[in-house]
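Colleague: The listed protein sequences derive, respectively, from chains A and B.
Residue numbering for the first sequence follows our numbering, beginning at 1 and increasing consecutively.
Residue numbering for the second sequence follows our numbering, beginning at 1 and increasing consecutively.
Simulated from the structure, these hints should not be mistaken for lab results.
Predicted model, so just to flag it, every value in this text is computed and none were measured.
A hint or two may mislead.
[Said to hold, decoys possible] Cut-off 20 Å, straight-line C-alpha distance, at most; resulting in silico cross-link-like pairs (SDA-like, lysine to any residue):
hint : chain 1 : residue 1 : chain 2 : residue 2
1    : B       : K44       : A       : E45
2    : A       : K59       : A       : N22
3    : A       : K42       : B       : G42
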Amino acid sequence: EDQVTQSPEALRLQEGESSSLNCSYTVSGLRGLFWYRQDPGKGPEFLFTLYSAGEEKEKERLKATLTKKESFLHITAPKPEDSATYLCAVQAGGGNNRLAFGKGNQVVVIP
Amino acid sequence: NAGVMQNPRHLVRRRGQEARLRCSPMKGHSHVYWYRQLPEEGLKFMVYLQKENIIDESGMPKERFSAEFPKEGPSILRIQQVVRGDSAAYFCASSLAQPGRTDTQYFGPGTRLTVL
Chain A
1 EDQVTQSPEA
11 LRLQEGESSS
21 LNCSYTVSGL
31 RGLFWYRQDP
41 GKGPEFLFTL
51 YSAGEEKEKE
61 RLKATLTKKE
71 SFLHITAPKP
81 EDSATYLCAV
91 QAGGGNNRLA
101 FGKGNQVVVI
111 P
Chain B
1 NAGVMQNPRH
11 LVRRRGQEAR
21 LRCSPMKGHS
31 HVYWYRQLPE
41 EGLKFMVYLQ
51 KENIIDESGM
61 PKERFSAEFP
71 KEGPSILRIQ
81 QVVRGDSAAY
91 FCASSLAQPG
101 RTDTQYFGPG
111 TRLTVL
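In isolation and in its complexed conformation, chain A is listed as follows:
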């Protein structure tokens, strides 16, 4: 069974204080690893897809990286508007398209 573990569960950052979120996964044949952002009361918003170890993607203050066992989401010089829950999900090989999600990293950025 595909498993995704995210750490830390919750993180409080001062504005401008860079940090990293971890997503460890176990999957049979990774097709893709996805990062989403979820604000309270809303649906997940797509951020990145990573396909193979060594791949990196960036968007504004966020940078996602991937190894064979884990992914990191680096937040550089965060702002209060970066406060959200960040969700990591994996999609396994084969014909099934379902995503297996972790419980999320809840990030609060204090002004």
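Chain B: place on chain A using the hints.
Modeller: Relative to the frame of chain A, chain B by itself:
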């Protein structure tokens, strides 16, 4: 708005009633997924549908839950005889599902079901 649409956004039912949740995929998307998010839990896969076909329902409870995606109209997640444990946020996602490519799933705003 070209995003995934879900309605209603909030639904209150009494125990034993039926709940019907609707999802319209993004324009051009033919694949729909339903996920459930319980309090303090991660999103859990329920079912994957294409038009008029259920592709994978391995995450769906065997009883009381059903899903469809008809040729015309939205996808429907139906919960019969609801119980308090069904209270959760239900999210629909859609994808383009191009053959041979990993496709991104885009999520709707969710339906928050409360069972009294």
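Colleague: Okay, which hints does this one fail, numbers in order?
Modeller: none
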